[in-house]
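Turn these sequences into a full structure, and let the hints guide you.
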Amino acid sequence: MSRRRAVLAGGLLALAGCARDTGTPHPAPLTGPQAETLALMRFTNYRAGAARTTATIPLPGRAVRLDARLDWRAHTGYGLLSGTGPGASQHWRHLLRWDRGGVRVHYDWPGAVPAEPPEDGWAERDLQPDTSAVDTALALLTALASDRPENAQLLARSGARRLGTTTIGGHPVTEFSGPAPRPASSSPGAPAGADGSRTRYWIDSRGTLRRFAARLPGTSGWMTADLTPVG
14 MSRRRAVLAG
24 GLLALAGCAR
34 DTGTPHPAPL
44 TGPQAETLAL
54 MRFTNYRAGA
64 ARTTATIPLP
74 GRAVRLDARL
84 DWRAHTGYGL
94 LSGTGPGASQ
104 HWRHLLRWDR
114 GGVRVHYDWP
124 GAVPAEPPED
134 GWAERDLQPD
144 TSAVDTALAL
154 LTALASDRPE
164 NAQLLARSGA
174 RRLGTTTIGG
184 HPVTEFSGPA
194 PRPASSSPGA
204 PAGADGSRTR
214 YWIDSRGTLR
224 RFAARLPGTS
234 GWMTADLTPV
244 G
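Heads up: the sequence shown runs through residues 14 to 244, numbered per the numbering used here.
In case anyone wonders, no lab produced these hints; they're calculated from the structure.
Predicted model, so just to flag it, every value in this text is computed and none were measured.
Just the calculated beta-carbon pair ranges, DEER-fashion:
no., residue 1, residue 2, range
1, E129, G182, 21 to 29 Å
2, E129, R78, 18 to 26 Å
3, R65, P230, 20 to 28 Å
4, D160, D121, 31 to 39 Å
5, P130, G231, 25 to 33 Å
6, R113, T44, 31 to 39 Å
7, V243, W135, 17 to 25 Å
8, G62, G114, 15 to 23 Å
9, R75, G182, 24 to 32 Å
10, P130, L167, 36 to 44 Å
11, R219, G134, 34 to 42 Å
Built from N, CA and C at the ideal position, the CB exists for glycine as well.
Below, the structure written as structure tokens:
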């Protein structure tokens, strides 16, 4: 092969390699259809009605796990929050019920999650997303549904980006970053991604949200929640 042909062949191989989606984020502005997909995501969740989630919430020096059912239309959640104490081997499990205003807790729950929430024995408190990373995660999860679509044109101008494609649970998905926060609303305790956004959405070809991630105030990692629709 001549030197010229070798150079051309190498160039084509390099272009082919660039065309493959390796899962590494490559932020790009949203196209019209992509903005529509992101704008419809919460409405699609609302129409689906409910989902199961397994979420990991990072806290300083540890992480907690949430296994719960989300009622998209009532904006409520019900399930188990579990973890270990900082630097300790003792495990704990709390049964939770929450909505957009408050949290009910059965501390040190001994068994599986009952099909129906117990009628009594709950400790109640206000939801405090401004001061608690766990409460921020609970509030974000119940806010992932809406009875109407968002404005796709505004989303396209908001700083939201398409990051790439991957597969979750056998479902091909497109990864998006959410709108970049305005400077006045930025929180020094919640470092953003490279594009400035603090949220990520993985959406399949039917518009179903399969994974959600967010930077939480006071934490150093991403809260990540895998989502499975339920009937």
